[in-house]
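Q: At position 98 of the sequence shown (counting the first as 1) the number is 1521 in our numbering, and the numbers step up by one without a gap.
Just to be clear, a hint being listed does not mean it is correct.
[Claimed, not checked] Straight-line C-alpha distance at most 25 Å; calculated DSS-like pairs for lysine-lysine:
id, residue 1, residue 2
1, Lys1458, Lys1598
2, Lys1603, Lys1432
3, Lys1603, Lys1532
4, Lys1432, Lys1459
5, Lys1459, Lys1603
6, Lys1459, Lys1598
7, Lys1432, Lys1532
8, Lys1432, Lys1458
To be clear, the hints were calculated from the coordinates, so they are not data collected in a lab.
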Amino acid sequence: MLAGPDTTKIVRDRQEAACREFSARVATLGYARSKKMLWTRRHEHTVDVIHLHRRGSSYGGPINFRVAFRVHFAIRVLNDTHAAVALNGPMSDPTRTREGHYHHSFNAKSGHMFERCIDDLFRFVTEQGDPWFAVYRDPNRLLTADSPLQDAGRDLLRAGLAGHPDSEHIAASLKLLGLKP
């Protein structure tokens, strides 16, 4: 059963409100919203990335007022050449969500669970994302065997650390992430 002609507008508006609230919370950790569903924290050679994905968003207009998010984390090497953000970190899979009692959804029409959703998105970042990012804060740690980076990313990071970054690669990464040079 379709929720009605105003469903898309209501869902879109409340999703944006959730993103604004989330932005305010993660700003306290050094992240800034750089694209519609992307938050970034830049370092000298890498960028920490939080990506929110609204479940069901790629299937056309919403059929109800439920807004549910999936959270992905990534580390992007600025010198990388990959044309997309590789979501190479933890994500809010069903096991993590259930074990952490995270609630990443709300009703856009009634607002039911809105604050809980924002609280739990932020809590997921502080409990799951930031500790993972901290493990790889030192870029040399990204060169080890258990690195989330693919071999090409490690090679490009090595080049950057050795003082041989490619300005075109960096410009492309910044553009991809919605960051200014």
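Q: Confirm or reject each hint.
A: To see whether the hints hold, each was checked on the structure:
no.: 1; hint: Lys1458 to Lys1598; verdict: holds, 10 Å
no.: 2; hint: Lys1603 to Lys1432; verdict: violated, 30 Å
no.: 3; hint: Lys1603 to Lys1532; verdict: violated, 36 Å
no.: 4; hint: Lys1432 to Lys1459; verdict: holds, 16 Å
no.: 5; hint: Lys1459 to Lys1603; verdict: holds, 15 Å
no.: 6; hint: Lys1459 to Lys1598; verdict: holds, 14 Å
no.: 7; hint: Lys1432 to Lys1532; verdict: holds, 10 Å
no.: 8; hint: Lys1432 to Lys1458; verdict: holds, 20 Å
Violated hints for the displayed structure, listed by number in ascending order: 2 and 3.
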